[in-house]
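**Student:** Single-letter residue listing:
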Amino acid sequence: MNKLNISPRVTGQPVSNKTSDLVKASLAKRHAAERRFKRYGIAAVLLSLTFLLLLFGSIFSKGYTAFQQTYMKLDIYFDANILDPLGQRDIKKLSGADYNALVKATLRIQFPTVKNRSDKRALYGLVSNGANFMLRDMVLTDTSIIDHSKSIWVPASDDVDMLIKGHIDRAVPEENRRLKDNQIQWIDQLIAENALEKRFNSLFFTSGDSRDPELAGIMGALVGSCLTLLITLLLSFPIGVATAIYLEEFAPRNGWTDFIEVNINNLAAVPSIIFGLLGLAVFINFFELPRSAPLIGGLVLALMTLPTIIIASRAALRSVPPSIREAALGIGASKMQTIFFHVLPLAMPGMLTGTIIGMAQALGESAPLLMIGMVAFIVDIPNGFFDPATVLPVQIFLWADSPERAFVERTSAAIMVLLLFLIAMNLIAVLLRKRFERRW
Amino acid sequence: MFQTATEQESVIIPRNTLFINQKEASQGATVNRESRETVGQVKVNNPRISCHNVNVFYGAKQAINNINLDIGHNEVIALIGPSGCGKSTLLRCLNRMNDTIDGCHVTGEIFINNQNINNREIDVVPLRAQVGMVFQKPNPFPKSIYENIAFGPRIHGLANSKQDIEEIVVTSLQKTGLWNEVKDRLEQPGISLSGGQQQRLCIARTIAVSPEIILMDEPCSALDPIGTAKIEELMDELRAQYTIVIVTHSMQQAARVSQRTAYFHMGDLIEVGTTKQIFTSPLHQLTEDYITGRFG
Numbered sequence: 001m002n003k004l005n006i007s008p009r010v011t012g013q014p015v016s017n018k019t020s021d022l023v024k025a026s027l028a029k030r031h032a033a034e035r036r037f038k039r040y041g042i043a044a045v046l047l048s049l050t051f052l053l054l055l056f057g058s059i060f061s062k063g064y065t066a067f068q069q070t071y072m073k074l075d076i077y078f079d080a081n082i083l084d085p086l087g088q089r090d091i092k093k094l095s096g097a098d099y100n101a102l103v104k105a106t107l108r109i110q111f112p113t114v115k116n117r118s119d120k121r122a123l124y125g126l127v128s129n130g131a132n133f134m135l136r137d138m139v140l141t142d143t144s145i146i147d148h149s150k151s152i153w154v155p156a157s158d159d160v161d162m163l164i165k166g167h168i169d170r171a172v173p174e175e176n177r178r179l180k181d182n183q184i185q186w187i188d189q190l191i192a193e194n195a196l197e198k199r200f201n202s203l204f205f206t207s208g209d210s211r212d213p214e215l216a217g218i219m220g221a222l223v224g225s226c227l228t229l230l231i232t233l234l235l236s237f238p239i240g241v242a243t244a245i246y247l248e249e250f251a252p253r254n255g256w257t258d259f260i261e262v263n264i265n266n267l268a269a270v271p272s273i274i275f276g277l278l279g280l281a282v283f284i285n286f287f288e289l290p291r292s293a294p295l296i297g298g299l300v301l302a303l304m305t306l307p308t309i310i311i312a313s314r315a316a317l318r319s320v321p322p323s324i325r326e327a328a329l330g331i332g333a334s335k336m337q338t339i340f341f342h343v344l345p346l347a348m349p350g351m352l353t354g355t356i357i358g359m360a361q362a363l364g365e366s367a368p369l370l371m372i373g374m375v376a377f378i379v380d381i382p383n384g385f386f387d388p389a390t391v392l393p394v395q396i397f398l399w400a401d402s403p404e405r406a407f408v409e410r411t412s413a414a415i416m417v418l419l420l421f422l423i424a425m426n427l428i429a430v431l432l433r434k435r436f437e438r439r440w
Numbered sequence: 441m442f443q444t445a446t447e448q449e450s451v452i453i454p455r456n457t458l459f460i461n462q463k464e465a466s467q468g469a470t471v472n473r474e475s476r477e478t479v480g481q482v483k484v485n486n487p488r489i490s491c492h493n494v495n496v497f498y499g500a501k502q503a504i505n506n507i508n509l510d511i512g513h514n515e516v517i518a519l520i521g522p523s524g525c526g527k528s529t530l531l532r533c534l535n536r537m538n539d540t541i542d543g544c545h546v547t548g549e550i551f552i553n554n555q556n557i558n559n560r561e562i563d564v565v566p567l568r569a570q571v572g573m574v575f576q577k578p579n580p581f582p583k584s585i586y587e588n589i590a591f592g593p594r595i596h597g598l599a600n601s602k603q604d605i606e607e608i609v610v611t612s613l614q615k616t617g618l619w620n621e622v623k624d625r626l627e628q629p630g631i632s633l634s635g636g637q638q639q640r641l642c643i644a645r646t647i648a649v650s651p652e653i654i655l656m657d658e659p660c661s662a663l664d665p666i667g668t669a670k671i672e673e674l675m676d677e678l679r680a681q682y683t684i685v686i687v688t689h690s691m692q693q694a695a696r697v698s699q700r701t702a703y704f705h706m707g708d709l710i711e712v713g714t715t716k717q718i719f720t721s722p723l724h725q726l727t728e729d730y731i732t733g734r735f736g
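If you read the protein sequences in the order shown, they are chains A and B.
With the working numbering applied, the first sequence has no gaps in its numbers, which climb one by one up to 440 at the end.
With the working numbering applied, the second sequence has no gaps in its numbers, which climb one by one up to 736 at the end.
When the alpha-carbon atoms are kept at most 25 Å apart in a straight line, the in silico SDA-like pairs for lysine to any residue are as follows:
(1) B:K501 x A:N254
(2) A:K434 x B:E627
(3) A:K434 x B:K583
(4) B:K583 x B:A599
(5) B:K501 x A:R253
(6) A:K335 x B:N556
(7) A:K335 x B:Q555
(8) A:K335 x B:R594
(9) A:K335 x B:D563
(10) A:K73 x A:M134
(11) B:K583 x A:R318
(12) A:K335 x B:L531
(13) A:K335 x B:S584
Not the full set, but computed from the structure, chain B residues with beta-carbon under 8 Å of chain A:
(14) R568
(15) A569
(16) G572
(17) F575
(18) N579
(19) H596
None of these hints come from the bench; they were simulated from the model.
No experiment lies behind these values; they were computed from the predicted model shown.
Idealized CB from N, CA, C, for every residue including glycine.
The following block holds chain A by itself, in its conformation from the complex:
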């Protein structure tokens, strides 16, 4: 029995004071390190929250005005001599009539003192081009309105809107101002007559893109994004999950599967514009599918999203406890039954998380879509997967690129819509995950 080998604990001797002092000294240091680390963490969270608030604050403060639009009251006389000089009431001819002349005539009556040609043009510039379309729609739905008078609210031009919202400074010298002195005078007159007011901008939510900011809406891009993401989801989720199941559960471990795995991991890191080029070369140039279509956008984004979904799904499958597999195999379930009845339901929350990350990425992606022509200026709201369309991030990019002041607030508003879309998507994912989540 060698006494040197015996620790104090075994012999029952009290632990020496020196040791406990050393422990105490190191304890203070350890606690300090712990507190420091906690503070770092809190500081990091606060910093990121600050930036997030800054971002949201700036987007919201710039964008909320876009939800209102200045409208102008016009007492329009639907003059039969202008619209339908022959009195045929032919819908085809009526739709091609000069509605602009009605607006001009109304303005001339409202401001009888304006005689000069260039002044007249300035006056006409106060009303948006959208007024023509509004009048046309009114006439086409009900031709009996012809030869009658009606007071209607039409969108004012973006410059008027900007002045009302305070984005055009009256103090700026006239030559540097978008609105001239006489225009401001007329606007003041309209305000005094209560013929100018801000209303909820429903056009923003119901119309497609436009060169005129006051007519530009997000609906086209929103529908385009929905259609594109639908294609992406329908393609990438089943293919991604099936790939993950095969690689994780069925494939033999050999050089080939290693090779495939390395390539999938690499694909997840490939810049998205490369996928856009691939889409351009394969889908548009080789298969000659229509450009700018949500179908192609969805295909390209599906390619881009697949690696994310596969990697997340494989991780989810791997995290299912082997005891569940053994239990199912132990009572004679086949491999398929084990996977589909027991492994997959448990892996589903993880798979959905991966999918939503991939879909969020796809929703915010613009680079690959530029390559396949979804950057085009598209006014019509797409009706199907083959119609030309654009998507929210591309719309934001287009508006941010436009020179008109009124597009600034619309850009921010579009970002808000994109964020809301994202939140809605995440919410659905969270709800789905809750449904599938089980304890084990």
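Given chain A, work out where chain B should sit, using these hints.
**Tutor:** Below, chain B without anything else, positioned relative to chain A:
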């Protein structure tokens, strides 16, 4: 019961005492400690399971060496031995669960009802229905108690109507003595039960597909004494209908529940015999060392 290596090092026992004890205990044993030949009664008449020259390799490493062992009808056989001796590996050969392990390779013949099951051409699905398995840690499916039991009969097509399945669920729960405890909450998740109840649920799930043989891999190691007692009682009742092979680390348990015992050491089957004989007069020195707590 058995000392771990670290305990042996830290607790100081005078060397000479150890030798004296060993000598006293080894009076009955006749087979030398170095011998790796299986001693005892390997063969039985009309065996249900019969292993011939079974070897298992994990990659290049051989886990069990040339095992020959018969298991009769309606008996409980306990496989005992120190950790890593290959008893669980042999157990998992009997329903081909080793197939699920990458790089695991089994040679030799295992006859169940005179059919060699260690054959690529044998379908494991009916085999595993015939040879059920209960695992070390209770592993109910994360579904309701009812679904846990109904899954097996459903996938095997043992019952077609809802009533038939319900009947199987009820009888299985009754056989495992769980019925009275859970009859009011069949829709609750299996995980909500206590550990012992979960393990009995797993046994009920196993017998719901009417197997002939039940393999149990340390079924009580995660349970408290009361849960253990209930399972042991249950095994005694099930013996009337099923052949049970149990791997256990508890020698008392082996002594309590089994009729025959097989002792494994480092991948070799050292000794097989009736439980009484193994625990009272072992033939092999290693068996003797193990059951008297010389090592473990």
